[in-house]
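Since the structure of chain V is already known, use the hints to place chains E and X on it.
Here the protein sequences come in this chain order: V, E and X. Throughout the first sequence, residue numbering follows my numbering, covering 1 to 385 in sequence. Throughout the second sequence, residue numbering follows my numbering, covering 1 to 299 in sequence. Throughout the third sequence, residue numbering follows my numbering, covering 1 to 235 in sequence.
It is possible that part of the hints are untrue.
As the list claims (entries may be wrong) - Once the Cα atoms are required to be at most 25 Å apart in a straight line, the calculated DSS-like pairs of lysine-lysine come out as: (1) X:LYS198 <-> X:LYS180; (2) E:LYS133 <-> V:LYS212; (3) E:LYS162 <-> X:LYS104; (4) X:LYS198 <-> X:LYS170; (5) V:LYS213 <-> V:LYS270; (6) V:LYS85 <-> V:LYS57; (7) X:LYS153 <-> X:LYS74; (8) V:LYS213 <-> E:LYS133; (9) X:LYS182 <-> X:LYS170; (10) V:LYS238 <-> V:LYS366; (11) V:LYS265 <-> V:LYS238; (12) V:LYS320 <-> V:LYS63; (13) E:LYS60 <-> V:LYS270; (14) X:LYS74 <-> X:LYS180; (15) V:LYS64 <-> V:LYS85; (16) V:LYS265 <-> E:LYS162; (17) X:LYS198 <-> E:LYS162; (18) E:LYS133 <-> V:LYS265; (19) V:LYS159 <-> V:LYS213; (20) V:LYS57 <-> V:LYS320; (21) X:LYS170 <-> X:LYS127; (22) X:LYS108 <-> X:LYS127; (23) X:LYS13 <-> E:LYS162; (24) X:LYS15 <-> X:LYS210; (25) V:LYS194 <-> V:LYS270; (26) E:LYS162 <-> V:LYS238; (27) V:LYS190 <-> V:LYS270.
Stated by the list, open to error - If you want the footprint, here are the derived chain E segments under chain V, 3+ residues with CB under 8 Å: (28) 116-122; (29) 265-274.
No wet-lab data here; the hints were simulated from the structure. Beta carbons: idealized from backbone N, C-alpha and C, even for Gly.
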Amino acid sequence: MKPFFKKISISMFASFLAIPVYADTIKVGFPVPLTGEYAPYAEIQGAKCMAEIINNKGGVNGKKFELLVQDTGTDTQTAISLTEKFLDQGVVAIGTIPFSDTMIPVAQIAAGYGVTILQAQSTQVEMHTGIVDNFISNVSPDPFTAAAAAEYALSEGVKNVVLLTSDDGGSWSAKTPLWFGEVIENGGGKVLSKMNFSIPTSDWSPQIAEMKKLSSSPDAVYISSIMPDVGVLVRQMKAAGIDAWVFGSDGLDDPSLDSVADSDKSILDKVAFGTLAPSQPGSAMQEFQAECKALGMPVDGMFPALGADVIMALAYAVEKTGGTDPVAIREALRSADSIPVRTVESVSFKNNKSHAERTVPVIGFKNGVRVLLSNAIPTFVPNWK
Amino acid sequence: MIDYVVQQTLNALSFGAEYALIALGLAIVFSIMGLVNFAHGEVIAIGGYSMMVMAAIAFKNPIIIIVGAIFAAVIMAIFLERIAFRPVRYADATTGLLTAFGVSLILQNLFLLLVSPRPIAVTSMYFLDWPIKLGTIRISSLQIFETLATLLAILLLVLFLKRSFLGIAMRAASLDFEMVRLMGIRANRVIATAFAISGLLAGIAAIFIIARRGAVDPTLGFNPVLKAFVACVVGGFGSLPGAVLGGFLLGALEVGMLVILPQSYGGMKDAFVFAVIAIILVWRPEGILSPQKEKGDKI
Amino acid sequence: MLFVNNLSVFYGKIKVVHNINFTIEEGSCVSLLGPNGAGKTSTISSILGTVNSTGTINFCNEDISKIQTEERIKLGISIAPEGRRVFSNLSVYENLYIGSAIRKDREKADREIEEWFNVFPILHERKDQSAGTLSGGEQQMLTIARALMGNPKILLLDEPSLGLAPMITKKVFELIEKLKAKGITILLVEQNATEALKLADYSYILNSGKIIAHGDRNEILKKGDLMSSLTGVEN
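If we strip away everything but chain V, and leave its shape as in the complex, we get (with noise of 0.2 Å):
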């Protein structure tokens, strides 16, 4: 090799090295879900922006964060892959795909880093049976988003429901709905039926005529599935003649629920959810929403706004450690009295552990246009563990 060739590749490759080195900066992993069936989960877009704030704002202690984000396909190997590419990267923490037959394996990779999941949106009652340690979610379980949309039914009068479960969608679709009935029962009430359905259904008339042949008509209906299927279940039952409220869990919470009440501004007036973070006119998620429209950077919805909560919350814990320290990170993070985020005010993970301690809104419609209907932690919550 001649000598002046030689001299320029050991410059492009002390460029090479230079690029990881210039790198004092805060790097989370997201081998995340943008394709694929998990897609409408990703919390990319709310993390992006969210780091993007603090990065215009010179970052945490003079670092900034750097987001490595990658597509797993909704595949679990490749998010394994994409963990441990990560991983070498030297990242503090790491979100993925929300459901737990990913986000045990990529924790049991983390574990041997001292790096944690630290998961925007996960409400999966799995998480918390102790398999792993180092895992936090940014949210509270399913028991207690039908906790609180069961505290506020009974505050509406609701004594019997119907619940709707469905084996599809693991226990968040099979179990949310029996805690609600649990709460309820507690409250006085009764679970008059308890009928199945498929994800995704796209017609409910068969479960209708089984409500309308109960012996006496329910005051609600709880179900945990999807948009738009809820919808639709409730432009049926409307059209049925069943006055019943209609409650469900975060899988309500999308702006095409809102278009529902398109030709009919009243259809939604009794369709109520408990869900991760409020989301109505003037909410923390809004305002969030619409600054980061600004900056060009488009969040669209609950769940990828949820991202912004996690890059918060590290941001808290490297400005309290003064470091990048995977496993001191963690240690921040559970012994913080209480953590200031975007979606809600402020989360703890200090009684938890694994889950935020935060208020569970219940969020409903007048008029066609959503309202907060309660925010507080539940007062029941059923024994889940």
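Just chains E and X now, kept in the frame of chain V:
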């Protein structure tokens, strides 16, 4: 009790009508080129997305939206045939099947990346849906429209296949494609017509699906097509009456299982449905109405 | 009318017809004879463009060797294929109707269908029945009629007597005789060399993809033993 049975029977009919409509679209393409077109679902989705676009650019007239959506689906079906399926026309059946799956996957991800992974509201077809009371039985106008549209589509399709030159050529092609070419009839024309018809059926299905769901998302058509595929298998793949029969049978089975099975067995619904289908296939391995000897005899 | 020059046919890399040449004059009946697997049907297929071939095929002063099958049919080549291949799910009438696909003169074509019904009353009797219900001989008549509905300049007949009872075979050859008398150009591919040689003005003998002899009936018969072993013709 009688009312309840009548009500659930009507529900089963309207479930079946939707499956039948989609199954017909699969069957007409399969009968001619032996291709299981899983991308049929994405043709339905294109119908849905076209309605979203038309609503966004402020088309209010429902006739324009309906015609536009059907038109979009037909164009999409012809387009897919031209760019994806024509190059593998003479390859073996597995290649065709994989191509169809690939096209389906690519389109779903395009919808996801270019539009949104989340459902987008399209409420312009809500007007088709209002409750109708017959004594104590309540049905939705949509159920009636959908069943009638399916029956009408079957009737027109039979007339087309029996009376028109291209229709007769398509029936001939379903039996012996090369021989049709040897009659001087352009293969491309016959196949493009089959795809155009499947697109038309997909467009009609899209209208009813959107009228009920009020939203489009990337998997809008994929799941119904899986059901329609089952309907085709049960009815006899490639047989048009088989597709219709299979569709209605599957509708009846699904509603039946939902009604009969106790809640604690709810998760087993599909298992029971498929168990019945397995029994049918033991009895008739080629599907109920599959012609005994000649694959693809359609009428 | 049809000049085949240096024609080879390939299935993948295997060459089944080797550089053959033959000519068919307008109004003549030429037969292509030879045992099973000699390459007769492959030759027909290459004229139709349904197999890969090299060499030139000149039809009515046009090189057709590079154009699509459908276009070749439109130029006036019709086929009554081996194994008949009637559209068994279509009615007898529909088979004839499809046969006239390339015709522009619809009314005349409809009249011709009626004429065929006069020639074969059995087809008329069963015109609304599916063609699959016809007997083998009837299907062969239908196949030939279907091919002629396209008003061809040349008719290719591939093994018209195959699998038919002697009585029926006789009828088929009578029909071909009539067609020949009408002045229709015919390429007849047959294993039944006795009958074919009687009919044909000129014959080519194909074996293992090569033309090993050609000439009129007398010339062929003179070649004696070799011919008899290949074609089953007894002297």
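Results of checking the hints against the structure:
For the hint pairing X:LYS198 with X:LYS180, the CA-to-CA distance comes to about 12 Å; that is within 25 Å, so the pair holds. For the hint pairing E:LYS133 with V:LYS212, the CA-to-CA distance comes to about 14 Å; that is within 25 Å, so the pair holds. The straight-line distance between the Cα atoms of E:LYS162 and X:LYS104 is roughly 21 Å, inside the 25 Å bound, and the hint therefore holds. With a C-alpha separation of about 12 Å, the suggested pairing of X:LYS198 with X:LYS170 holds against the 25 Å cut-off.
In summary, the hint linking V:LYS213 to V:LYS270 is supported, as the alpha carbons are separated by about 21 Å, within the 25 Å threshold. Of the supplied pair hints, the one linking V:LYS85 and V:LYS57 is violated, its CA atoms being roughly 29 Å apart against a limit of 25 Å. Taken as a hint, the X:LYS153 and X:LYS74 pair is honoured in the structure, with Cα atoms around 10 Å apart against an allowance of 25 Å. With a C-alpha separation of about 16 Å, the suggested pair V:LYS213 and E:LYS133 falls inside the 25 Å cut-off, and the hint holds.
With a C-alpha separation of about 19 Å, the suggested pairing of X:LYS182 with X:LYS170 holds against the 25 Å cut-off. A threshold of 25 Å between alpha carbons decides the hint, and for V:LYS238 with V:LYS366 the separation of about 16 Å falls inside it, so the pair holds. Taking the CA atoms of V:LYS265 and V:LYS238, the gap is about 13 Å. The hint holds against a cut of 25 Å. For the proposed pair V:LYS320 and V:LYS63, the alpha carbon gap of about 13 Å is at most 25 Å, so the pair holds.
The hinted pair formed by E:LYS60 and V:LYS270 fails the criterion: a straight-line CA distance of about 29 Å is larger than 25 Å. Simply put, X:LYS74 and X:LYS180 have alpha-carbon atoms about 21 Å apart, close enough for the 25 Å limit, and the pair holds. As the CA atoms of V:LYS64 and V:LYS85 are separated by approximately 21 Å, the hinted pair is consistent with the 25 Å bound. Among the hinted pairs, V:LYS265 with E:LYS162 is inconsistent with the structure: their alpha-carbon atoms are about 49 Å apart, more than 25 Å.
About 43 Å separates the Cα atoms of X:LYS198 and E:LYS162, which puts this hinted pair outside 25 Å; it is violated. Proposed proximity of E:LYS133 and V:LYS265 is supported: the alpha carbons are some 23 Å apart, at most 25 Å. Straight-line distance between C-alpha atoms of V:LYS159 and V:LYS213 comes to about 18 Å, which keeps the hinted pair within the 25 Å bound. The suggested pairing of V:LYS57 with V:LYS320 holds, with an alpha-carbon distance near 18 Å, which does not exceed 25 Å.
The straight-line distance between the Cα atoms of X:LYS170 and X:LYS127 is roughly 24 Å, inside the 25 Å bound, and the hint therefore holds. With a CA separation close to 18 Å, the supplied pair X:LYS108 and X:LYS127 stays within the 25 Å bound. For the given pair, X:LYS13 sits about 43 Å from E:LYS162 by alpha-carbon distance, which is inconsistent with the 25 Å threshold. The suggested pairing of X:LYS15 with X:LYS210 holds, with an alpha-carbon distance near 11 Å, which does not exceed 25 Å.
Under the criterion of a C-alpha separation no larger than 25 Å, the hint pairing V:LYS194 with V:LYS270 is consistent with the structure, at around 20 Å. Of the supplied pair hints, the one linking E:LYS162 and V:LYS238 is violated, its CA atoms being roughly 44 Å apart against a limit of 25 Å. For the hint pairing V:LYS190 with V:LYS270, the CA-to-CA distance comes to about 19 Å; that is within 25 Å, so the pair holds. With 6 residues having a Cβ less than 8 Å from any Cβ of chain V, the region 116-122 of chain E passes the three-residue criterion, so the hint holds.
Figure legend: the region 265-274 of chain E, annotated as covered by chain V; annotation consistent (4 residues with Cβ-Cβ distances under 8 Å, at least 3 required).
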